[in-house]
Each structure stands twice: as C-alpha cells, then as structure tokens.
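Following this note's numbering, the numbering of the sequence shown begins with 17 at its first residue and continues without gaps.
Hints are supplied without guarantee of correctness; some may be wrong.
Claimed, not checked - For lysine-lysine, the following DSS-like pairs were computed, each having C-alpha atoms within a straight-line distance of at most 25 Å:
| no. | residue 1 | residue 2 |
| --- | --- | --- |
| 1 | 159 | 442 |
| 2 | 304 | 177 |
| 3 | 141 | 51 |
| 4 | 304 | 176 |
| 5 | 62 | 368 |
| 6 | 347 | 389 |
| 7 | 272 | 202 |
| 8 | 202 | 176 |
| 9 | 369 | 65 |
| 10 | 311 | 202 |
| 11 | 51 | 335 |
| 12 | 138 | 335 |
| 13 | 336 | 51 |
| 14 | 442 | 456 |
| 15 | 176 | 306 |
| 16 | 336 | 347 |
| 17 | 369 | 304 |
| 18 | 304 | 395 |
| 19 | 141 | 335 |
| 20 | 336 | 138 |
| 21 | 202 | 306 |
| 22 | 176 | 311 |
| 23 | 335 | 347 |
Hints were generated in silico from the structure; no laboratory data involved. Quick caveat, the model's predicted, so the values are computed rather than measured.
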Amino acid sequence: MRSTGYRRTVAALSVCSLALAVSACGSGDDTASGKTRITVNCMPPKSAKVDRRFFEQDIASFEKQNPDIDVVAHDAFPCQDPKTFDAKLAGGQMEDVFYTYFTDAKHVVDINQAADLTPYVKELKSYGTLQQQLRDIYTVDRKIYGIPRTGYSMGLIYNKKLFAKAGLDPEQPPATWEELRTDAKKIAALGDGTVGYADYSAQNQGGWHFTAELYSQGGDVVSADGRKATIDTPEGRAVLQNLHDMRWTDDSMGSKQLLVINDVQQMMGSGKLGMYLSAPDNIPILVKEKGGDYKDLALAPMPGGKGTLIGGDGYMVNKKASPDQIRAGLKWLDHMFLRPGAGFLGDYARAKKADAPVGLPEPRLFTGAADAKDQQVKKANANVPVENYQAFLDGNQSLRMKIEPPNAQQIYSVLDGAVSAVLTKKDADIDQLLKDASGKIDGILARS
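Just need the whole structure built from these sequences, with the hints factored in.
See the structure below:
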C-alpha cells in the first residue's frame, strides 16, 4: 500500500483530461511542430495549490531548457487507481510516462505494457546515484523498466508529551514489542480516554500493518518463490498474540476497534494516543489536519529490530513510446525528481518559503555525493524538529528493508480478518485464524 499521500500533503492521479477524451492518453504522434511530445501523469490537482504551482513551475523550466520537448501533464485523484489501472494499460489509454507503486513494477512487465529502458538509462545522469535497492524494484530479468521517485519505510510515531506524562523517557522509545507493550500500558493508565497503542484492522489496512509487524519479527508473508503463504509461523503467531494481549489483557488499545488510518490519525492529533505504526509522511498530516504539534511528535524505528516494510513509487514508460519519447521522458524524470536539493521533491528552500515541512526523515533516494548534497540542503532549510526523528534514522540502518508481498491487496484483505478477529473477540483462536488465512493466501498465489 502507499502511505498517506503522494508528496507532502495529498495524493494525485492522472487520467485523460476532457480535452483528450477522444484519443488515447499516450501520444500516438510523438512530434508536434517539430517537438517530441510526451504525456505524463501524477500532476497535483488544482485543490493542492502549492504542489500544483511547483509542478507547473518545474515543467516550465524543463521545457525552457529543452525547447524540443513538449510535456502534457494530466491530473486527478489518486495518482493510481487500482480499479482502472490495468484497464487503462490494456486499452491504450495510459500516458507515455506513468506513475506506479513499487508493487506494480513486475506486474506491468509481466503483462508486457512497459518499455525496456535498459538501452537508454546510460543517458540518465542521475541513475547511478540512486539507492540500489530502489533501482532493483524496477529491474526484472536484468532489464530496467522504471525509475524510482520516492520511498518510505514504516516506523513508530509516538507522542513525547504523553510519554513524559506517563513517567516514560521521551528520548527512549520502545525498541522491542515487549517494551512497547509495557509503555502502552503506562500511557493507557493515564485515563481520560487515553489509548496506549492503536492499530488498523479494516479496509485492507489491518493486513498492511500485520505485514509490517511480521517483518519486524523477522518473518515473511509469502515464500521466496512467491508460491506459498508463510504466516502460520511462530513470527505470525507472535504478531496476533501481541495484539490480542494488548487489547484484552492490558486494555491498552481502547475498546473501539476496526480502525482505519483516519481514525488513528485523529486520535494522535488530538493528544489521546501514545503510539502507532506509520511512515514519516503522517507527521505533517497530524499537525496540519488533526491538531497535533511538531514538537510533541517523534519517530522511532520499527520495534523488534529485525525488519521493516518499505514502499514507494516511481515511473515507467509506455511500451508504445518511441525512442525519442523514451529519451524525453527520462530527461523529464531527471529534471523533476532526481536532482539532489532541487526539483519538485527536492527544492527544500522553495518548500520552506511555502510553509511545507522540510526535514522529515524520508528514506534517502540517493547515495554518495548526491546524498550528501541533498541532505545538506535539506538540513539548511529544515523547519521541523529534526532531532525528534534521529532515532528513526539511526535504527533503520540495521533493519532489513522489505517490499510488500505479491498480490498485496488481496492478501491484506485476508489478513484483515485475522487482525480484526483478535481485536474484537477475546476468545479468538489464533492458530485457526493463521491456518485459515494461510490457506486463502495459498489460493490467491495459485491463481496469480
């Protein structure tokens, strides 16, 4: 799953504009008045005024530097709709350069809808500076089919104010699930509707967090060959048992369950929640939309110390694109997203002037000198308490970073049932829940 949004605040998807409704989104004719024309997506919607302005500014500067390229951007919400994604690809309605989640990369290649970028990547100046594990996501059978744009990893957001009030050290977040359970009990004991720890358990979000928690225990959702479920294990049992015990033995998760992300964000923003799992991009939402305060919100690595779930997005190129369009698309991606300390995502000085948060600990896209430059510019323009996120940055260095499983949404739907059961039924049979879920996941994998 994606995290909360496509950039700093909201998500945006591109679909064909009304002006192009009679034709395919991908440009069948790649030249217009002697220019190479490319259609691109994931332009912020007009409602996201600041991001929209930045996106338009960056396209304008790109076209000024590349007068032989014409960029036509499409927008809507969200950046990718799973319900229409495959249909757009199959129907020839996808843009020339199109947005994908990390989990889509292999699928798009498998259905033969992506251009092979391998012969062209040498022309992309920034490619060699990108994190290898992110590049690998878009590499299938040693061929390159996409370019990563952003990434996130799951961690633990906690309320420093509540930690102090409960007699806990705000600078020492829990490093294990046992410590988290102890801290959650102390926070819940404050009373007045305060909840120590909250988790999602509906709309596939419970399965998403089960996966993250399983990774933190050192487990996997499916086998390495992608054919069998691997949740009916001691690690999977530990995830459900921990949630069950926190809910029913400790009473540290509150009585209201079947929560989704908005519910939990509201609890944290109102100061009534001690901890929950999330990516860094939750923090500005908690402040700007839910009433939270940057100084109270800190981020720690995933408890357990063995692994964390990573996700993110990037761009692929339509298989129908011409060589000139592929080259133009890669130039555009380089200009928009892959310049340290510059571009749509990296112009931290511009973001700061617009009162967008700068300094959040998103996973680093670059390596080496490019990373050093990007971090230097970010630090110089930081307007959030970066010291609150240092534990997250330090702890992530030793964690195994794992992408979501194949057929993630179908699997998450199955796991939702197991998570919701242990949080709503005191007598839930954990062994049976894992056995049943495992069988259903095996069926999903067999059909894929």
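field: Broken hints, by number
entry: 1
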